[in-house]
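Chemist: Here is how the chains run, residue by residue.
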Amino acid sequence: MAGILLEASADDIVLEADVARVAGTDRAITVETLARAAYHQTHRFKGEITPGIAASATYDPPGTFSNACHLAMVEVDVETGNVRIDRFVVAEDAGRLINPMIVDGQIHGGVAQGIANALLEEIVYDDGGNILTATLADYLPPTVREMPPIEIHHLVTLTSASVTKAKGLGEGGAIGAPAAVVNAINDALAPFGVSIDEFPATPQRIRAALRTAQRPT
Amino acid sequence: MGVVGKSVPRLEDAPLVTGRGRFAGDIAFPHMLYMRVVRSSHAHGRIVSIDTAAARAAPGVVAVWTFADVADIPPIDFRLTRIEGLAAYRQTILATGRVRYVGDPVAAVFATDPYLAEDAADLVDVVVEELPVLLDARAAPGEFDTGRSTEAAVVEKSYGDLAAAFGAAHAVVELDLAIGRHSGVPIETRGAIGHYDAGRDVLELHGVAKVPHWNRDNIARMLGRAPSTVHLYEGHVGGGFGIRGELYPEDVLVCLAALRLGRPVKWIEDRREHLIAANHSRQQRHKARAAVDAQGRILALDDEFFHDQGGYVRTHAATVPDLAAAMLPGPYRVPAYRAVGHVRLTNKTPCGTYRAPGRYESTFVRERLMDAIAARLGIDPVEVRRRNLVATEEMPYRRPLSTLGTDIVLDSGDYVRLLDKATRTMNWAALQDDLRRRRAAGECVGAGLGMFVEKSGLGPFDGVRVSVDTSGAVEVVTGAASIGQGVETVIAQICADALGTDYRRVRVVHGQTERIAFGLGAFASRVTVMTGEATRLAAADVRAKAIQVAAGLLQAPPDALDIVDGAVVRGSAATGPSMTLGEIAKALEPSSRLRGAHTPGLAADGWFYTDHMNYPYGVHAAVARVDRETGGVTIERFLVAYDIGRAVNPMLVEGQIAGGVAQGLGGALFEEFLYDDRGEPISVNFADYVMPTAREVPALEVVITEDAPSPLNPLGLKGAGEGGINAVGAAVAAAIDDAIGVPGAITQLPVTPQRLREILRRLPRS
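Chains as they are written, first to last, in this note's numbering: chain P, 1 to 217; chain U, 1001 to 1766.
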């Protein structure tokens, strides 16, 4: 479009700092003026260029696989069965981070939901099929009190499977956390010779396991 | 055997006839405020003070604004025919310094309820020091502002040697003619609902019509927003006629208030407001001369006219006087020509375009001249017209004039043939005999006609997107607008034929700025021509893509395939393998394995450009009966013969013509905005502003011809919107002249009973 308006070959146009310029000359047009022409003086481009400064593209990548390692350190209160997470570390690789702040936010949210899976949230029915967890007093989402600080370490392995070299990471936080937390609990319970094989690892379940245990001597 | 050319039923009627239309009044948002505009009750004066304290303290009132609150908002700019010198006459969204007509917005009240808003508006105390009012555009210009004349501009168009032509003339006829101030009066008054969606940072305006994209861009500019964050939504529109949908102060006020007050704001115009605040039109005074030879052939036309613009110059700038000056020569050969139009501000409601702007006026002038030439030379009025018509062999006929940014080139026409068809349909000779007999028997009856050239299909572009979904339903998204004229049906017909599907499967989306970046809207009889051709181009591309995809999947050569009833078939055979358009759309989904190298989606954009308008033409003929006692006029017959090039839907063309004739009769006999000496409007309700009803409108005779398809687009289309109204004033005036036996008696429209009684009273008793 700049080529047409500046009567130059499109190959000779350079775009720099909101200006389209015929390279090596002072003949230039601001992108603002260009857009105005593109939208309001479309007849100036007639037959050669579709009006507007717009483009659409379709993209069908083969798929990417982000990956991560979650590490949890927990302390189990053997009297009450309560679990406290002392430390939580995520090392993840989502390729190029387009916006690291948003990446961290996605991981925080995912880990919180993963911890909830591991410790708190469960939809429970009675024998008659009645739901027992229909309020947030019975269905327990995690609060800030249950959440440990989360340390995040990024590996940036650029992928060739996407044009931005980024991989999706919206769900990874929730994938790794439950396993890491439950493994840490089982490590804590090892001296009692019991383990948890169903989550959420609620205080009731942990206490039930401990009750079956032979106390260490 | 397509549907183009067939009078298929309208697609838009189902919601309208079942009461499910969505007009401006039907739009509502939670926590909405209502705006009431405080309007000047003085025609002209200096604003001394505006006390809003009492209004602000009134129940339910959230804010009261005067100009001081909106001083950062620039005046409303021009959309068309921007000429030198007019900028200083633009209207701000609230009056500053002076009020210039009764109805000028001086303050805006925002309240939780429309009645509370109206009550509070009464409490706003506007003190005005009155200034002399100027009500006659022909009077000496006054002062608009310090050092600025009320003559804002002079439009001049001319060619040829005028002096030589008048010098050589066998005869010169000269007329002083006036067209009354009237306008389009839609059933639905204006309405605007501003809504700021902070969640998306989008400003929405609902209740728009006619030119949504232009209004979007200008609201964005005035409010300092990016156009892509301003979305305008056209709903159903209860009548457009040129006046509805232009950008008015109220539209900008509700947008600004929605932003600043953080709540949706609704404004619905009441009828009195509409009659003093929405654009008036038409009022012009012409001093016109024609030089003719002994056979009645025109040698030259010379016209000086005064255009009564009212208090400000609105979005149309000089459009109306420009069109009057450009279109005055009409269908006739005019070797030398001059029109000088004075654009004069007066202390009346500002004027804009109204259906056939500048042509209703100039056709009245031209056809009165033709009748005067006929009377002067003793030639039959039909014959004198016939002698002057541009001949078919002369087409395309370039006239050295331009308007609306285009050179006037009459693209096609067989004017003589249409005149013959009109007079034949009217049985003109027998009609004359019959009228003579009736007059001899004491009746006061007569016939007259007027001929005109219209213009339609204004460019410079139109673009649409045609897409087919996986059910085979077709969507056409256009930046055109619908003001009720049948856009959805006509565009669907064109799309259906070009694509090969049923027109009822085509949905036309219009007037939604978030759906398409571009659009010129609906004006200048442009939509069928411009949007129609863009649609045909896009639909042809969709068709080609569908056939290409189907060819691969059906393993058939593309040229062996056709699309019939929404399915790709071999030849036109109803047997054998086929694929519906929906199946092809499915195959073209982005993730489809069948898509191959084709771009996703069964869709295409179509763009159509033109540098020229095209020129339909017509004849109007009227038979009028005059009641000598009351001055009342009854139209016994009215014929419109109109060449449309090609009619996409003849029923809709006839509908356009019927509506136009009714409005034309209003301007010819009834409708007039009158003012008293102080500039107080008198015609502020339907008892005083008299519109024709079913009783006043005769059964119409409509002859649609397709003798002269436009060479400017492949379907040969021309526009229908304004052909019904163009020459009504001219034909009615001629018929009344004939009825009372006084050629040239009618020099002013509307011919009200009072005026006609006065004419009859002055006649010498025979």
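Check the hints yourself; a few may be wrong.
[Stated by the list, open to error] Part of the chain P face toward chain U, derived, beta carbon under 10 Å:
#	residue
1	41
2	42
3	54
[As the list claims (entries may be wrong)] Here are some chain P residues the structure puts well away from chain U; computed CB gaps all over 10 Å:
#	residue
4	33
5	87
6	159
These aren't lab readings, by the way, just hints derived from the structure by calculation.
Each residue gets a CB set at the ideal place from its N, CA and C atoms; glycine is no exception.
Chemist: The structure should be examined with respect to each hint, and the outcome stated for every one.
Modeler: We went through each hint and held it up to the structure:
Because the closest C-beta pair between residue 41 (chain P) and chain U is about 9 Å apart, less than 10 Å, the hint holds. With 10 Å as the threshold, the beta carbon of residue 42 (chain P) comes within range of chain U, its nearest partner Cβ sitting at about 5 Å, so the hint holds. A cut of 10 Å between beta carbons decides the hint on residue 54 (chain P): the least distance to chain U is about 7 Å, and the hint holds. Every C-beta of chain U lies more than 10 Å from that of residue 33 (chain P), the closest at about 15 Å, which supports listing it as non-interface.
Distance check for residue 87 (chain P) against chain U: the nearest CB is about 38 Å away, which clears 10 Å, and the non-interface claim stands. The Cβ of residue 159 (chain P) lies farther than 10 Å from every Cβ of chain U, with a closest approach of about 20 Å, so its non-interface assignment holds.
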